[in-house]
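K.L.:
Assemble the whole structure, with the sequences as input and the hints as a guide.
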Amino acid sequence: MSGVAFAYSRAADVADAVARGGAPGAAFVAGGTDLLQLWKAGRATPTELIDVYGLGLDGIGVDGDELSIGATARLSDVARHPFVVDQHPLIAEAVLASASGQIRNMATVGGNLLQRTRCPYFRTAGMACNKHRPGSGCGALDGEDRHAALFGAGSSCVATHPSDLAVALVALDATVEVSGARGVRRVGLSELYRLPGERPDVDTTLAAGELITRVLVPRAASIGRLATYVKVRDRASFEFALLSVAAVIRIDAGTIVHARLVCGGVAPAPWRLPAGEALLIGQKPERGVFTVAAAAAVEGAPPLPGNSFKVELLRRALVRTLTTIATGS
Amino acid sequence: MPIERIAVGLTVNGCAVEQWIDPCAMLLDVLHELGLSGTKKGCEMGACGACTALADGRRIVSCLALAASYAGAAITTIEGVGTPDELHPLQEAFIDHDALQCGYCTPGQIMSALGLIAEGCCDRATIREGLSGNLCRCGAYPRIVAAVAEAAGL
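Just so you know, the sequences run in chain order A and B. The numbers in the first sequence follow the numbering used here, run straight up by one, and end at 329. The numbers in the second sequence follow the numbering used here, run straight up by one, and end at 154.
Don't read these hints as lab results, they were simulated from the structure. Be aware that one or more of the hints could be misleading.
To be verified - What follows is a list of derived Cβ distance ranges for each label pair:
#1 A:Val187 to B:Arg137: 37 to 47 Å
#2 B:Gly57 to A:Arg316: 34 to 44 Å
#3 A:Pro120 to B:Gln101: 27 to 37 Å
#4 B:Thr126 to A:Gly61: 24 to 34 Å
The model shown is predicted, which means the values in this text are computed figures rather than measured ones. In this text, a Cβ means the ideal position worked out from N, Cα and C, and glycines have one as well.
P.N.:
The structure is reproduced here in structure tokens:
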């Protein structure tokens, strides 16, 4: 069980990494837990791996008004870091709902955000998959579609993004810092991901050779905010989400004044539900309000035959998440 | 063009080793090349935990660990835990609780549990959740949890 051989080198620094990372066949590697699975399955065929694990991009700390999480910080370190636990427990919740204890000791924040879909057609050699090879067809559209997307998919690809962490980070208005040949730029995490369209093989808006160096979460997102993460899956632990919800609200004088509803496992990217958010603003944090907002949030989701159960599951998960926040239990 | 082997230095169970490895080699395969067969090969996809070892004291799945990336790390495998004459307390607990049947997953269970105990586990629910990365096809889970709970002083 192994793919085509690749060369290996350690990047000397970020400049060295981005200078070499854009070459055809080059790929960055850190924890390797996703890339090496795809390589073993013959679904990733890098000719050169550039190791960025040791570049010292693993710091976690406060930078001005933001929490800064280095791209190669391991998930287990993120989940137990005092700043994370204190300011953004939502991040720790989402991370601890991810993978296994071993994987969390290896996998990094940057790799988690860039992990590829768990769609079995993408992961299995020989299966038709436009994300693997555009034009080869989508096996999931006419086949096993239980895990397929409810939102944002197209006729070329119905795969979902599997990250828990990304869902929490979008709910917290996080941005990522990216280094590339043209220097350093920042991009909102929501804008990092792209929809499949005609190029389902391209998951993100990153240019060739661009490297995520850190994630930044505004401190304001923690002040007075209530948040939680609910993950629904086929087994209780070490399983990807059937769907998940990260909800963040702020209540002022008994009224909701800020709301973020973001769901995972139902779209090619973490998916905000603006119709549901809008119906929470100005309302009291009560179950009746949550029920109305949740129904509006999922309205119009066009399911496939095998994943239609997810519409009702998502509606209920939204109500449960908001009720959990409001009651503190 | 064939890709050249690269030299990687590791500390394995306290012994410094230098090995010429395939750059594509997983740590699991390098351990086997060193004659350490206690770390088991199961799914090779990070799902079953049979290959769990400690890297710098932290549990990892060695089947998804690119060996070259672990140069300089201190690796502990099941061969580095206890001795035939003096078992580690966790190994004793596995025997006392009959926490295995076929035994294939046991090295991984023990290495994972050692990592979990070092991380901190406060009750049996935490142990069950913390060991979800280790599968036991014989279904010895209740006894494994009991053994780990005893070793953790719970």
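K.L.:
For each hint, tell me whether it holds in the structure or not.
P.N.:
Hints, verified against the model:
1. A hinted range of 37 to 47 Å holds for the C-beta pair Val187 (chain A) and Arg137 (chain B), which are about 45 Å apart.
2. Distance hint check: the CB atoms of Gly57 (chain B) and Arg316 (chain A) are about 42 Å apart, consistent with the given range 34 to 44 Å.
3. As the Cβ distance of Pro120 (chain A) to Gln101 (chain B) is approximately 31 Å, the hint placing it in 27 to 37 Å holds.
4. With their beta carbons about 28 Å apart, Thr126 (chain B) and Gly61 (chain A) fall inside the hinted range of 24 to 34 Å.
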